[in-house]
Amino acid sequence: MTRNTEAVFILAATVLASLGVAMVQFAGGIWLDSAVALTFVSFALAFGSLHVAFRLWAPNANAMILPIAAFLTALGTVEVFRLDAELAALQRWWLVFAGVVGASIVWLLRSTGVAVLRRYRYLFLAAAMVLLMLPLLPASWPVHGAVVNGSRLWVRIDLPFAARALSFQPGEVAKVLLTIFLASYLADRSEAMSTVSRTVGPFRIPEPRHLGPVIVAAGVSFVVLVYQRDLGASLLLFGLFVGMLYVATGRGFYLGMGLVLVTVAGAAAFTMFSHVQVRIEAWLDPFADYAGSGYQTAQGLFAMGSGSLTGSGLGLGRPDLIPAAATDFVFAAIGEELGLAGSIAVIVGYAFLVAIGFGIALRSRDRFRKYLAAGLTILLGLQTFLIIAGIVRLLPITGITLPFMSYGGSSLLASAMIAALLGRISHEERT
Amino acid sequence: MNAPLRRTAWAIIIGFAVLVAATVWIQAVAGPGYRDDPRNPRLATWRVGRERGAIVTADAAVVARSDPNPLDPQTFARVYPENDLNAHTVGYVSVLFGSRGLERTRESDLVSHRDSTISGLLNAVLGGDPRPRGLRLTIDEELQRTAAAALEGERGSIIAMDPTTGAVLASVSTPGFDPNALIGPDAGLAGQQLDEDPNQPLLHRTIATTYPPGSSFKIITAATALETGVAGPATEFDDPLELELPGTTATIHNYDDDVCVDGDTVSLAEAFVRSCNTVFAELGMAVGGEALAETAEAFGFNQVIPYDLPVLASAFPEPFDFASDPPATAQNALGQRDVRATPIQMGVVAAAIANGGNIMVPHVVADVFTHDGMIESTTDVELWRRAVSPATAAILTDLMEQAVISGTGRNAAVPGVRVAGKTGTAQVTGAAPDVWFVGFAPVDPEPGERQVAVAVILEDGGPAGETASGGSIAAPIAATLFAQYLK
Numbered sequence: 001m002t003r004n005t006e007a008v009f010i011l012a013a014t015v016l017a018s019l020g021v022a023m024v025q026f027a028g029g030i031w032l033d034s035a036v037a038l039t040f041v042s043f044a045l046a047f048g049s050l051h052v053a054f055r056l057w058a059p060n061a062n063a064m065i066l067p068i069a070a071f072l073t074a075l076g077t078v079e080v081f082r083l084d085a086e087l088a089a090l091q092r093w094w095l096v097f098a099g100v101v102g103a104s105i106v107w108l109l110r111s112t113g114v115a116v117l118r119r120y121r122y123l124f125l126a127a128a129m130v131l132l133m134l135p136l137l138p139a140s141w142p143v144h145g146a147v148v149n150g151s152r153l154w155v156r157i158d159l160p161f162a163a164r165a166l167s168f169q170p171g172e173v174a175k176v177l178l179t180i181f182l183a184s185y186l187a188d189r190s191e192a193m194s195t196v197s198r199t200v201g202p203f204r205i206p207e208p209r210h211l212g213p214v215i216v217a218a219g220v221s222f223v224v225l226v227y228q229r230d231l232g233a234s235l236l237l238f239g240l241f242v243g244m245l246y247v248a249t250g251r252g253f254y255l256g257m258g259l260v261l262v263t264v265a266g267a268a269a270f271t272m273f274s275h276v277q278v279r280i281e282a283w284l285d286p287f288a289d290y291a292g293s294g295y296q297t298a299q300g301l302f303a304m305g306s307g308s309l310t311g312s313g314l315g316l317g318r319p320d321l322i323p324a325a326a327t328d329f330v331f332a333a334i335g336e337e338l339g340l341a342g343s344i345a346v347i348v349g350y351a352f353l354v355a356i357g358f359g360i361a362l363r364s365r366d367r368f369r370k371y372l373a374a375g376l377t378i379l380l381g382l383q384t385f386l387i388i389a390g391i392v393r394l395l396p397i398t399g400i401t402l403p404f405m406s407y408g409g410s411s412l413l414a415s416a417m418i419a420a421l422l423g424r425i426s427h428e429e430r431t
Numbered sequence: 001m002n003a004p005l006r007r008t009a010w011a012i013i014i015g016f017a018v019l020v021a022a023t024v025w026i027q028a029v030a031g032p033g034y035r036d037d038p039r040n041p042r043l044a045t046w047r048v049g050r051e052r053g054a055i056v057t058a059d060a061a062v063v064a065r066s067d068p069n070p071l072d073p074q075t076f077a078r079v080y081p082e083n084d085l086n087a088h089t090v091g092y093v094s095v096l097f098g099s100r101g102l103e104r105t106r107e108s109d110l111v112s113h114r115d116s117t118i119s120g121l122l123n124a125v126l127g128g129d130p131r132p133r134g135l136r137l138t139i140d141e142e143l144q145r146t147a148a149a150a151l152e153g154e155r156g157s158i159i160a161m162d163p164t165t166g167a168v169l170a171s172v173s174t175p176g177f178d179p180n181a182l183i184g185p186d187a188g189l190a191g192q193q194l195d196e197d198p199n200q201p202l203l204h205r206t207i208a209t210t211y212p213p214g215s216s217f218k219i220i221t222a223a224t225a226l227e228t229g230v231a232g233p234a235t236e237f238d239d240p241l242e243l244e245l246p247g248t249t250a251t252i253h254n255y256d257d258d259v260c261v262d263g264d265t266v267s268l269a270e271a272f273v274r275s276c277n278t279v280f281a282e283l284g285m286a287v288g289g290e291a292l293a294e295t296a297e298a299f300g301f302n303q304v305i306p307y308d309l310p311v312l313a314s315a316f317p318e319p320f321d322f323a324s325d326p327p328a329t330a331q332n333a334l335g336q337r338d339v340r341a342t343p344i345q346m347g348v349v350a351a352a353i354a355n356g357g358n359i360m361v362p363h364v365v366a367d368v369f370t371h372d373g374m375i376e377s378t379t380d381v382e383l384w385r386r387a388v389s390p391a392t393a394a395i396l397t398d399l400m401e402q403a404v405i406s407g408t409g410r411n412a413a414v415p416g417v418r419v420a421g422k423t424g425t426a427q428v429t430g431a432a433p434d435v436w437f438v439g440f441a442p443v444d445p446e447p448g449e450r451q452v453a454v455a456v457i458l459e460d461g462g463p464a465g466e467t468a469s470g471g472s473i474a475a476p477i478a479a480t481l482f483a484q485y486l487k
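First to last, the sequence lines map onto chains A and B. If you're matching positions, the first sequence starts at 1 in the working numbering and goes up one per residue. If you're matching positions, the second sequence starts at 1 in the working numbering and goes up one per residue.
What the hints contain is simulated information worked out from the structure, not anything from laboratory work. Some clues are possibly wrong.
[To be verified] Partial list, computed: chain B residues near chain A (C-beta under 8 Å):
| id | residue |
| --- | --- |
| 1 | Leu-5 |
| 2 | Val-24 |
| 3 | Gln-193 |
| 4 | Pro-233 |
| 5 | Ala-234 |
| 6 | Thr-235 |
| 7 | Phe-237 |
| 8 | Pro-240 |
| 9 | Leu-241 |
Don't be surprised by glycine CBs; every beta carbon is placed ideally from N, CA and C.
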């Protein structure tokens, strides 16, 4: 794989996205309009700038990351366009923005390498905490938090010149910043944390003071759950912390403790919060309260079932019947219109991306880079797993976005950041 | 230090493998179940918008077809060019009201199999034709129109069938409805009006309403006497002015409150021809409830008649409920009290007599044809059950022919055609009588000649109201049908 092959694949994904949009328009009986061209341009700009950045400042970067990301984004963009052309227009702007930010990251790290990030870890931690708290800003401020579907995840900026408030989910970016912090923290401490100093019965336990981070992790996750009522983000953060601790220390103890904590916290959340109870009940039997709490899950199942093997075809299904089809349930929408073939292709795409990410981490010689690559990959893999598992009823619905594919600027931005960082790390390992 | 990383990687990859398995399960294995779940909102539009095969009558008049929807090229619109003519039999597919009739029961033939399920894929790979099939009905377009015209403005039903095959030649239930209205832009309002109409136009009376058969049931009472040997056509009975029923003050009168013949004695044949209640009440008590029930069931009462559409079972009460109650036996023997029959059931009774006592499975779908118009499968002509012996059927045929020649069924006579039949004027408490004619023609068809059995019923006496009788109202309609079909 060379940069040229990468360029060809990116072009192919760009054409795929444009053709997909054209097909949706044909299916809707509309003659093609500027959306096809704009999709082409936005893809070319976003992935083109990332590609050029790799070419210039990370020439040895893994050449499969961008093509896979571009194909997933293409499928997502087409499906979002199919569901809501207006959202897709916004998404195009976000895509270009995310591509430029990704490219800028590669440019910023061009001479220092990712190692420089290690120095600013407390800055990232603070930024992440501020971002996580932003949705709690009072509604009267120009920049304020907003509750959507019962979760306080959103920040809205009222722009005096725009009719529509600009909104984003700061938590998405905060997750990436927290990963950088954790990778850096663990790169310094992992030796100490993996030292087993005492045993209690059959358990070998590290120094109590090393347990601090795990407890902090559980704490942060629980705070997110309580104040933002966001089951998905909370699980994701917790999984990220525990996963990275395990990767860094190799101690099964952290996994065990994580499991215990997640069980205790889960049980507590189940008894304390009605919205968690509702989610669990809707998971166990979505048809028990079909018109109420089970509605979204049931609609997702109907969509997936109606899609069968090859799907209804782009623009020919009814994914608009699924609540939140463009965001959390975009996978079900793909499943309906592209069928099992499409949904398996999507899962396989993510599996490739995750495999590449872990491959980069495994080959990294430097601890920080290894943990960072692992952390970003865990973040990507776990997020994908949680939301798809929710749709296919392996787990309760967690209400998080599907990286690269869901509608949402912040999600796309975070995904582009992950792709840029993974690319840069892989470059550094080969030079 | 890579071991935990490797394990984490494997854990996530295995997680993804589980996702693939779960997705395969949801989409390919459990998928058709979710797709066809009645709560799936796609189902209504999907079912209605799919291309469906044409439905045509025996003589190729189009009853239903699918036209490409001009507003949405992906979907089709169902059109019923005959409006209400075959509405009850063919039914409809509507987003708001679901599906009825053959559109419902033969959906698997009528819809396209061009779908992406595992079975659809296998079918395509194995060279199956995914295009929708059409149905050719046994309905004779002209006879159907004649029957519909005869019941115009009335509540009632007509069924005409070929006794030797069970093929339904005409099936009318009035008032009718226009299925196009239930799928059009004002479907909601149209459906509500049809629903609220006190005349119940949506009700498929031919198969879903039971009426007291009245004197037309005397065919079965007479058959019981012949089969059990209790009486023959020449057996003489008393001819009283009224028959006192044992253990009650109730009496049985004849239709005209007079004696049957001369007040002395009367033969069973004479009593059948004149439809004398006094004689048949006595005969009913003589043969007994057990035997009556047995014969009624041999004709199909208390069973579900096999048909292309779901048929309500006609009812003859359990002998346990009345056999020790002679007055009840007497009234049931006259087709009153607790006896109830659907029009198709009485059509089957007529057809059984015409066919030497054998009941053929009634059917309205002649064959299923492919999109190219080739016949794919033809409905088998099958014996359903044997109602009576050929000898009994022959005697009953004689009695029924006499009833048309010189008895209550005179108005069913057609010049040059040997018609057999039995009238019925069923008393309904608080309303005008339901009037029947049950019969067939010609009595003895030449090989290759057409024969048709009919049951005609008009609720509440039809146009004549209180003064109506089966002979005055239903029999002339039967004559029109015979004349039309046998001309």
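Next item on the list: So, Val-24 (chain B) near chain A? Judge it on the closest CB pair being under 8 Å.
Entry: holds (6 Å)
Next item on the list: With a cut-off of 8 Å on the beta carbons, see whether Phe-237 (chain B) makes it to chain A.
Entry: violated (66 Å)
Item checked: Residue hint Gln-193 (chain B), partner chain A, criterion CB-CB below 8 Å -> Gln-193 (chain B) check fails; min Cβ-Cβ to chain A is 29 Å, beyond 8 Å.
Check: Measuring from the C-beta of Leu-241 (chain B) to each C-beta in chain A, is the shortest one below 8 Å?
Finding: violated (68 Å)
Check: Quick one, is the Ala-234 (chain B) hint okay against chain A at 8 Å, beta carbons?
Finding: violated (69 Å)
Check: Minimum Cβ distance from Pro-240 (chain B) to chain A below 8 Å?
Finding: violated (67 Å)
Note to self: Quick check on the hint: Leu-5 (chain B) CB to chain A CB, less than 8 Å?
What the structure shows: Holds - the Cβ of Leu-5 (chain B) comes within 8 Å of chain A, reaching about 5 Å at its closest.
Note to self: Let's test the interface hint: is any C-beta of chain A closer than 8 Å to that of Pro-233 (chain B)?
What the structure shows: violated (65 Å)
Notebook entry, point to check: Can the hint on Thr-235 (chain B) be confirmed by a CB-to-CB distance to chain A that is less than 8 Å?
Noted result: violated (66 Å)
Of the numbered hints given earlier, the model fails hints 3, 4, 5, 6, 7, 8, 9; all others are met.
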